[in-house]
Amino acid sequence: MASMPAIRSREIKVAQDIPISKTLPFWEGLKQGKVMATKCKKCGKIYFPPAADCGECLSSDMEWIELSGEATIETFTHVVIRPLTFQHERPYTVAIGTLKDGVRVLAWLTGFRPSEIKVGMKAKLTATTTPDGTPIYVFTKPT
Amino acid sequence: MKRVAVIGVGCSKFGNRSDVTISELAFEAFKPAIEDAGITPKDVEFVALSSAGAGAWYEENLPAVVVSEYCGLTGAGLLRSEAACASGSAAFATAYWTVASGQADIALAIGVEKMRQIDTPTMVEFIGRSGYYLWEFHLFGLTFPGYYALHATAHMAKYGTTEEDLALVAVKNHKYASMNPIAHLRNKVTVEEALSSPVIAAPLKLYDCCPISDGAAAVILASEDKVKELKVEDPVWVSAVGYACGTANLSKRRDYVGLDSTVKAAQMAYRLANITPDQLDVALVHDCFTIAEIMAYEDLGFCKKGEGAKLIREGQTEIGGKIPVNVDGGLKAKGHPIGATGCAMIYELTKQLRGEAVERSRQVPMKNYIGLAHNVGGTGHYCYVTILRR
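Chains as they are written, first to last, in my numbering: chain X, 44 to 186; chain D, 31 to 420.
In short, the hints are calculated from the structure, not lab data.
Bear in mind that the values here come from a model prediction, so they are computed numbers and not experimental data.
The C-beta atom is built at its ideal place from N, Cα and C for all residues, glycine as well.
Take the hints with a grain of salt, since some may be wrong.
What the hints assert, rightly or not - Covered stretches of chain X, as calculated for chain D (at least 3 residues, CB under 8 angstroms): (1) 74 to 88; (2) 111 to 120; (3) 148 to 159.
Given the sequences, and given the hints that come with them, work out the whole structure.
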């Protein structure tokens, strides 16, 4: 990178193991085609992304619920300049949608022509699998 | 709380600084600040150093230590502050509270960042990871321009803000950067050039985005007793520091047309300073992307919600207008070495309030001698609003 005299630093490669033991039903749910959230049994607050603990009332007594798929798109962007680890992807659309349950979800928006995408339009939150076999959730066209 | 003044400021040249190490870069801001204050490094009792990319995009893991040694500050109290792009303001706040509480009589806030030692896709990766890594980056590769593009889309849909309005912010800030010798991007741009620049994260284009910069800025704060002892002629007093944080996940925000953390931090700062926004002579606002400046006008109370674009269209945020904003070129064109930015805002604000050292072409006329610095970390993940007055 340097245009001036420089010494190259020692190289280090890192990747962390991210714990999912407390959100395992979410990751398992994706494989069964479900997008799951948690709900605090004490105060009723719904968490997406799912949380094992309630930041509102500090209870850890949570239950798993399946989210409704119907979403209204609040906002979106087409990401053209991509990060290092997304270089292999074509430019993608990231959107935030509000579900009927009241929670918001950020995910890729797929299956629409760019000109069709508008704030306020309806989309469907869908559990799916990436070409390399990773379970994930995306917004798709309502059928 | 004791009264606290800014008694010395310094700022390096911003831009590609592959000629210097992190310590050498910090020294370029530190030395003029020390000389400005008329003190020696041994007088500094506490150091808050801000830098966000240590060990990631430049090689030093604990930059506060190496910079302090290099600048002759060994022995002082020391910490590194991290509040993403608001790290510099967090360091300033920490130094301010240290002096205001009586813990120290002289404290240093110094921000330094080197962002150009790695390639751009890796930098986009690191910065993109800075929201909620697992839920918004790991799965969906949301980038930092993407964060603000989500806000731009929402603002346009709700208030009719246009891509031309965004371009006007770039045109203004490049104009002032062209008058600022330490700015990173000193070229003037036109609306047409901005609109035809490549798309980064639609609707944001290249000229809607700040550059990736290296730079450093330093601020020396002193207690009122020390100000008298040192016979500081023209102290600039810290009037207030307001703060707030927002959610890590963008999906948990109330809406996307403004930043709640800015509104909250600003209300706190105005209350503590006992002023209203219309008393400000000058403001430096967080314009990492052009939409950020328009939202800042609204969230800081310079205009009603939804009327930010009107303010820039009417030229009200230029020198001679209702409230001159980012007359140093802003993050957009002066540059945004993220750990340095907050301290660089205090540097510029101090120079403006003194009305002496800034290039005459971009000196704001002072009426009340009150200025504001608004520094956001992430997309409102952190916010600090600092008010200074002479």
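Here's how the hints hold up against the structure:
A count of 0 residues in the segment 74 to 88 of chain X with a Cβ less than 8 angstroms from any Cβ of chain D is obtained; the coverage claim is therefore unmet, three being the minimum. Counting residues of the segment 111 to 120 of chain X whose CB lies closer than 8 angstroms to any CB of chain D gives 4, which reaches the minimum of 3, so the coverage claim holds. Only when three residues or more bring their CB closer than 8 angstroms to a CB of chain D does the claim for the segment 148 to 159 of chain X stand; here the count is 4, and the claim holds.
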